[in-house]
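> Chains as they are written, first to last, in my numbering: chain A, 1 to 152; chain B, 1 to 775.
All the pointers check out, no bait thrown in.
In silico lysine-lysine, DSSO-like type, Cα no more than 27 Å apart, as pairs:
| no. | chain 1 | residue 1 | chain 2 | residue 2 |
| --- | --- | --- | --- | --- |
| 1 | B | K547 | A | K144 |
| 2 | B | K292 | B | K77 |
| 3 | B | K547 | A | K113 |
| 4 | B | K547 | A | K148 |
Just so you know, these hints were derived from the structure itself, not from any lab.
Spelled out from the first residue to the last, the chains are:
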Amino acid sequence: MGLQISFINIKLIVVSCILGFSMALSGCAPSVMQTQTNIYRETPQNNDELKEDTGKADINPRVLAALQLTEQGRIFLENNQPDDAIGILERALNLNPDNGKNYYYLAEAWLMKGNIDQAAEFNRLAEIYLKDDSEWLNRVILQKERIKERYQ
Amino acid sequence: MTKKKRSIYLTLKRMFKWYLLAFVLICGAILVYCWYLSIQIDKRFSGRRWSIPSKVYSDTTILYPGQKINRTLLNEKLLRLGYREVDHKLVDKGELHRSASSIELYLHDFKVPSRYKEGVRVQIRFDGNRIESITNLNTGQLWPILELEPEEVGLFFGPHRERRQLVSIDQIPQHLIHAVLAAEDHRFYTHKGLDPKGILRAIYTNLRHVSIRQGGSTITQQLAKNYFLTPKRTFIRKLKELFMSLTIEMMYEKNEILEIYLNEIYLGQKASEAINGIGEASFFYFDKPVSKLSLDEAATLAGLIRGPNHYSPYVNKDRCRKRRNSVLNAMYEQGWISDEELKAALPLPVEAVGYASYGKKAPYFMDYLSDQLTVLYSPQDLSSLGLSIYTTLDTQVQLAAENALKRGLDSLEKSNPLLHRTDPQKQLQGAVIVMQPKTGYILAMVGGRNYSSSQFNRITQARRQPGSAFKPLVYLSGLDKFTPASLLSNEPKVYEVDGKEWKPQNYEPMVEERVRMRDALARSINLATVDLAMQVGIDQIITTVDKFGFSTPLKPYPSIALGSFEVIPLELARAYCPFAADGVLSYPLALKEVLDENDVVIERRHVSIKQVTTPEKAFIMSSLLQSVVDYGTASSLKMMGIDFPVAGKTGTTSDYRDAWFVGYTPDILALIWVGFDDGASIQASGSRAALPIWAELMNALPQYVSGGWFRMPPGVVKRVICSESGQLAVENRCPHPMEEYFLADHVPTDYCQIHGSGNSFGEIIDGITDFFHKY
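Using the sequences and the hints given, assemble the complete structure.
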């Protein structure tokens, strides 16, 4: 009888040990290895606005190179990515500080981000550099009005 | 039952109870211990498994047709970017083929925040030191611009200095997994953390050779040992390793264990940095991601696990090849590769790509960056979160700046042995900062001569008197009342400062009693500058200067005109930027973006600008400062190979304690400082000590020299004046007429009284001419 009880006890103990062990471990859910998922876009392609500038026969290669960056910035803006646009427009600005369109788009990007002071600064610079381009100057003036409205 | 039998039965029963109790206690203890281990394992694995150092990257490099370049610096740049020279047609990404007139590149994939481009083959053709064309060799299309990927500049390491690139098990090719299993644990997928057969085989082999030839550790045991335990070989540690292996096996799937193991293992050494994980090793030895590894390359990496430095192809290629072949044979024995694959792989040589071991790049810049980053992240996070930090640094400019400073200081010491000091802590020092004035991008920063002997950053931490390099701010303050043609007094005067006499002097004796403002700045004439400052008013100067963002205090003393108050060199460089940027002051920018380990942008810095003066005044200041280079104190630049328009100002302080030059074009601005930390005299002026360094730097950076100049804003007009009187020139009367710029509302109206008097007819004619000119 005693031996029978002992065997039952042993079984119980072993089973409980296994169960306990399993339970203890089951609480430690294995973690999932994180995989790197990169979401990138292809670099924007040229459009008509850029072609209009790049089509000029006497265009300086540096200006042309900078325009490629400006165009990429513009497309980022179209896609509502002002931070990405600013990053690339800054590079364009460093490459060709005379390109008024850079300042215009930078002002647009800052407007999009809601930083009106920076938008106003870049708009002012755009006006300086685009003063001889009546079409663009109009856009700059309209932009200035939009900035003023945002101030109010 | 006899009494004796009953006694035996009771004894056995008692003994059994004790054994049972002991068994239960041991099981319980093991259970508790395994439970404790499981908590440890889970804590470690469910959180961040590895400390991944954050990487700092330079900015991208822009190349375009027509651009002048320094081919030596470009070649060095390409090598630092990991391009390797080959003498065959380009086959793999990262290959470079050079000829006298062109470079062919198989570009790496271009990956920066928000932009990604697959690497393609391109050809860059040169016409001397100018890029003639950039052609996409895949399509034959001419490219107007090529952006090279950012360069790794440095890492923020934890205490173990480990480099690691994580890979998931799905990215690892099957032949690499098989190679690792063949090399380390071919029964991995069938055992439960321990491999009794392997242990017995190891014991047998070791006994047969009377030495430790083989270890019986499974991959799980190795993982437990590397991850949680000390390398010390003790029985207790072995027991711990055993329990931990069993626990890991119960907690995780086999593939998960293998993935952790492959990311964990130590696989070599790059200078002081440990190469950990198969992902990093794949790039370190073969410059490619694991998914692209060939069979023989996979076997080479697997063979390294046993002794990464012993079997390293960088240490001994023959030994590495033998080890690789033994792995290949083991794979064949397991049936994981075919006979053909084995025969094809065995004779192949081991071709590791090589690597450039480098010291700390741009160390002062890194410190400056680190100061900014530690506001955002703790040093522990920086060394473990695997962040990617993108900066404005241009490594070509940085190297050029370091070289120019070193050569300049060496040359000064050579020409004046009194400047040479043997103690590295006390030697002649210098500092350079290069910025892009429109955006405030910091392209390079050299805070001292030798970072290893002095980490004091003289660009960001030093406070030095700027001397005449401060004068432009005084002249800017004067533009509301004076014009570049205004005559200033050059006569000695005595001023009272705090009840004491102050008698400024010129650098060298001069006979002129009056000088035009343009000349006074170009020739850095002290007396005329003090005269201007006193007429403008010291308070007015301080009001102007305050806008330029100096953090050091300025007191309203007349000596402010001569730069007697200390400034931080970075702030002085910044204060010149508005002259080159239409009056706009930009905040110095070093940090651009921070990405987390999943390439998600978590921090962004943009150019931040504010107007501190008008574009008209900025243009006139640039014009005045151009005269410094044209015929003033920096005119020797022309003899140093600088043949493009430059504006700038020299500076020399009392007893030649500091020598400065700040020079700029519309594209680039650089400040040079030379001096001793202890304020001893360097016995040389700014034009003698600092100017040659600036020239050497710019000569090394043709890619930043467009040769352009600033556009004249609408509010500026040009008039012909008499160089003696500074008044409007009278035609055919004034012997030295010259063109001068004026603010539109400050145009002089009086005609030269020196040469024009007594010629009323001439004045009338000039007046009529001027009338038509105006209207």
